[in-house]
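**Q** Listed here are the chains, written in short residue letters.
There are 2 protein chains.
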Amino acid sequence: MTRDFPAALQTRIDTKTKPPGSLGRIEDLAAQIATLQARLDPRMERCQLTIFAADHGLADEGVSAFPAEVTRQMVLNFASGGAAANVFARAGGVALQVVNAGVRGGPFATEGVLDLPLGEGTASSLRGPALSPDESTRGLEEGARLGRAGDWDAMAFGEMGIGNTSAATLIAHRLLGLPVADLVGRGTGVDDKGLARKQEILERASARVPGTLSPEQVLQEFGGFEIAMVTGAMIAAAKARRLVLVDGFIATAAALLAVRMAPETRAALVFAHHSAEAGHGAVLAALGAQPLLHLGLRLGEGTGALLAWPLVKSAAAMLNEMASFAEAGVTDKS
Amino acid sequence: MTRDFPAALQTRIDTKTKPPGSLGRIEDLAAQIATLQARLDPRMERCQLTIFAADHGLADEGVSAFPAEVTRQMVLNFASGGAAANVFARAGGVALQVVNAGVRGGPFATEGVLDLPLGEGTASSLRGPALSPDESTRGLEEGARLGRAGDWDAMAFGEMGIGNTSAATLIAHRLLGLPVADLVGRGTGVDDKGLARKQEILERASARVPGTLSPEQVLQEFGGFEIAMVTGAMIAAAKARRLVLVDGFIATAAALLAVRMAPETRAALVFAHHSAEAGHGAVLAALGAQPLLHLGLRLGEGTGALLAWPLVKSAAAMLNEMASFAEAGVTDKS
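Protein chains in written order, with my numbering: chain U, 1 to 334; chain V, 1 to 334.
Keep in mind that the hints are not guaranteed to be accurate.
FRET-style restraints, in silico, Cβ to Cβ [claimed, not checked]:
| # | chain 1 | residue 1 | chain 2 | residue 2 | range |
| --- | --- | --- | --- | --- | --- |
| 1 | U | G112 | V | A267 | 39 to 47 Å |
| 2 | V | P133 | U | A7 | 50 to 58 Å |
| 3 | V | G150 | U | R3 | 46 to 54 Å |
Treat the hints as calculated values from the structure; they're not laboratory data.
Ideal Cβ placement from N, Cα and C applies to all residues, glycine included.
With the sequences and hints as input, model every part of the structure.
**A** In structure tokens form, the structure reads like this:
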């Protein structure tokens, strides 16, 4: 990228047949895409969503409204095309891949699921580290391998794992230094009593490991197999200059880990939506992120990222296909 | 629609493989679409954007940052495919039609522009009614004809007309009883001095006609040819049970006219985005509207409606394609 690139890019955006700035966030998005690719005519056609699924030891402590077996059931639902993520991926022309990052019940050994399990779910972080050092390192590496694979202009990383809003809450709590009470939410839908219980369990889990932790330590102590892989995938995809569509609360917690481990990752991140999950706003704020959509989503799976993809594609198309004032013979006020 | 339809619809949404309510606004949108079509399996595949273009007598009073000839130039830009609306329509698979509702300089007589001019631009509402009674009636009727035409599941109506934020401001001012100062904005980009001048001109125009006016009278006194056609088109499309995607400030002013003239129109309206134009929020609030997107757009042309279309399509696809807990063999918490 030459020193003049930012000026050339701004001129290209401002000479399109529209009042300057009148496409708002779409113009910012176009600039981010062009800068990431260091091209005035960026390519933004091919997008893949990878859903990483894994189980959580914390789920056995009673932090979720759904039983842990739903993780495995939902992976099969992804594989047969019936989940929300499948529907939105088809609607948006996004390729979908499903990874078993460590779901209880053994390998799926079925078409449509990539078996890369780090284990049979994590250990409960209430009682010890959720991941071993080896599991954590392998998770980051396997994720990175997938984040580099293929020929994608944009990549989204979704997650499925009963109990994983608890893991994400603990990650945000320890990296941001905010109270659990400010970050904990209803996840898939616990009631008031369940929420109080979830908060108490997470506070006890956190109290198990006092002091300041590195992002790698936070991942080991409180993370998840799918969160490790999403983190590694985001870092690698960003390094490959691919746009990374960040989904909801759990994916944003992984993005926070990724940015703390490799700060240059931030430039590739597009925050798809502001989730209804309680802690999401605080993590977004810490990342200086302004999400594209505010639709009250709280499903995960990458669904918010999929709904934002058409905006990303349109932003690049604006840059590539819109006529300039000169080309169209339209009078520019300036 | 049977008496049991609302309950059957809610059951259909809540038994999809996701926690209840976890798709937020997408679930509301799905319910609106299904209710409009009175079908649990609504069709939402075919969408058309019609851009109505016309000139405004008020433009000669110095209310805009761009000269009036830009209306005609932009119609040619639409016809040759180089405007933002063309780019976003292609990206979203939306058909586009361009109507000359009354642009100065005579018929276009060119492929890609439907010549239906009501005149050579409106008269200046600073000096007399913008439209004659006959022009107003013909505008509503021609719009209605186009709103009924074709076989569309959803229709969006865009506008192009230098000076038309002024017309929209006056319409909102007179229908809502709010001061011009609370509604007037920078349109295509007037500076502070221009904004003060615009406000003063609009206040003088309004003062020309004291008293309470019917929506039909407001349209005649202060409207525009394109606004009359958009209003008529919205009423007719809603009557045909088509979803109507409402764009920005000017389209929303037309929607306000449409709802005041035919209140049943409201049920078909989806508000695409919250524009950066100053008065839009007040008009949206008066309609009880919560727009889908908040992207700081202020271009018009239907661009915001086009960017919202993929969300609408995905909402219907959720209803039609997502598996239920029973179908997918996923444990429901309830």
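**Q** With reference to the structure, classify each hint as holding or not holding.
**A** Hint-by-hint comparison with the structure:
Checked against the hint of 39 to 47 Å, the C-beta distance between G112(U) and A267(V) comes to roughly 40 Å, which is consistent with it. At about 53 Å, the beta-carbon gap between P133(V) and A7(U) stays in the expected band of 50 to 58 Å. Hint check: G150(V) to R3(U), Cβ distance near 52 Å, so the stated range 46 to 54 Å holds.
In this structure, every one of the numbered hints holds.
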